[in-house]
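Participant: Residues per chain are reported as follows:
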Amino acid sequence: GAGVSQSPSNKVTEKGKDVELRCDPISGHTALYWYRQRLGQGLEFLIYFQGNSAPDKSGLPSDRFSAERTGESVSTLTIQRTQQEDSAVYLCASSFFPNTEAFFGQGTRLTVV
Amino acid sequence: QKEVEQDPGPLSVPEGAIVSLNCTYSNSAFQYFMWYRQYSRKGPELLMYTYSSGNKEDGRFTAQVDKSSKYISLFIRDSQPSDSATYLCAMGDDKIIFGKGTRLHILP
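If you read the sequences in order, they're chains A and B. Here this note's numbering is used: the first residue of the first sequence is 1, the next is one more, and so on. Here this note's numbering is used: the first residue of the second sequence is 1001, the next is one more, and so on.
Rather than coming from a laboratory, the hints here were simulated on the basis of the structure. We put the beta carbon where it would ideally sit given N, CA and C, even for glycine. Incorrect hints may appear among the rest.
The list that follows gives simulated cross-link-like pairs (lysine-lysine, DSSO-like), each with its CA atoms no further than 30 Å apart [as the list claims (entries may be wrong)]:
no.: 1; chain 1: B; residue 1: 1042; chain 2: A; residue 2: 57
no.: 2; chain 1: B; residue 1: 1002; chain 2: A; residue 2: 57
no.: 3; chain 1: B; residue 1: 1095; chain 2: B; residue 2: 1042
no.: 4; chain 1: B; residue 1: 1002; chain 2: B; residue 2: 1067
no.: 5; chain 1: B; residue 1: 1095; chain 2: A; residue 2: 11
no.: 6; chain 1: B; residue 1: 1100; chain 2: B; residue 2: 1002
no.: 7; chain 1: B; residue 1: 1067; chain 2: A; residue 2: 11
no.: 8; chain 1: B; residue 1: 1042; chain 2: B; residue 2: 1002
no.: 9; chain 1: B; residue 1: 1070; chain 2: B; residue 2: 1100
no.: 10; chain 1: A; residue 1: 11; chain 2: B; residue 2: 1042
no.: 11; chain 1: B; residue 1: 1067; chain 2: A; residue 2: 15
no.: 12; chain 1: B; residue 1: 1070; chain 2: B; residue 2: 1095
no.: 13; chain 1: A; residue 1: 57; chain 2: B; residue 2: 1067
no.: 14; chain 1: B; residue 1: 1095; chain 2: B; residue 2: 1067
Chain A regions said to be covered by chain B (calculated; three or more residues, Cβ under 8 Å) [stated by the list, open to error]:
no.: 15; region: 9-19
no.: 16; region: 75-81
no.: 17; region: 91-98
Far from chain B by the CB rule (all over 12 Å, computed), these chain A residues [unchecked claim]:
no.: 18; residue: 6
no.: 19; residue: 27
no.: 20; residue: 28
no.: 21; residue: 52
no.: 22; residue: 53
no.: 23; residue: 58
no.: 24; residue: 61
no.: 25; residue: 64
no.: 26; residue: 68
no.: 27; residue: 69
no.: 28; residue: 71
no.: 29; residue: 72
no.: 30; residue: 87
no.: 31; residue: 106
The shape of chain A in the complex, shown without the other chains (with noise of 0.2 Å):
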């Protein structure tokens, strides 16, 4: 595709569920990034994947929070038992290597009741 694409675009979900999020980089991009947006806040680093070496993951704010990703394609994000503070903007973007420009998607505007 022509941009970063993030699926879904909005989700509410009740107290307690598991979510999963979706984000399909630029064709050819090796890195992948998450990020957390709060309302009126900046991004927050959740976790870096670059090509086939182990994912940095020292943003995840806790072992509710997990990110896959195969290869150089479609990574997800899944929040397990979420609670209402994991109500956010959840953002991906992707490079074609480190150290290279990075493009967003427009996030998945998750809501938690």
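Keeping the supplied structure of chain A fixed, place chain B upon it in accordance with the hints.
Facilitator: Here is chain B on its own, set in the frame of chain A:
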């Protein structure tokens, strides 16, 4: 000390003025620097990318990096109401770390 510091604003300037947005950082390992613009309820849009000290110009935008001072700037010339948005600085060596963003209002 946070890795990247950015004044959240809001910053209000009249149309046509030159806007100066700044970030400081503490990690000397950062190799590359970016500026993003984010409109409300949209994803960040890449404006400028640079990996060396000095200036880089693109249209009305100029990015400036001073690695010795760990200081980066974005200048917007002839500012327009459509430039009203949140501007995020970003930098890294592999993963990308963002500033908290500066809200900019251009007053017609």
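Participant: Which numbered hints turn out to be false for this structure?
Facilitator: 7, 11, 15, 16, 18, 22, 23, 31
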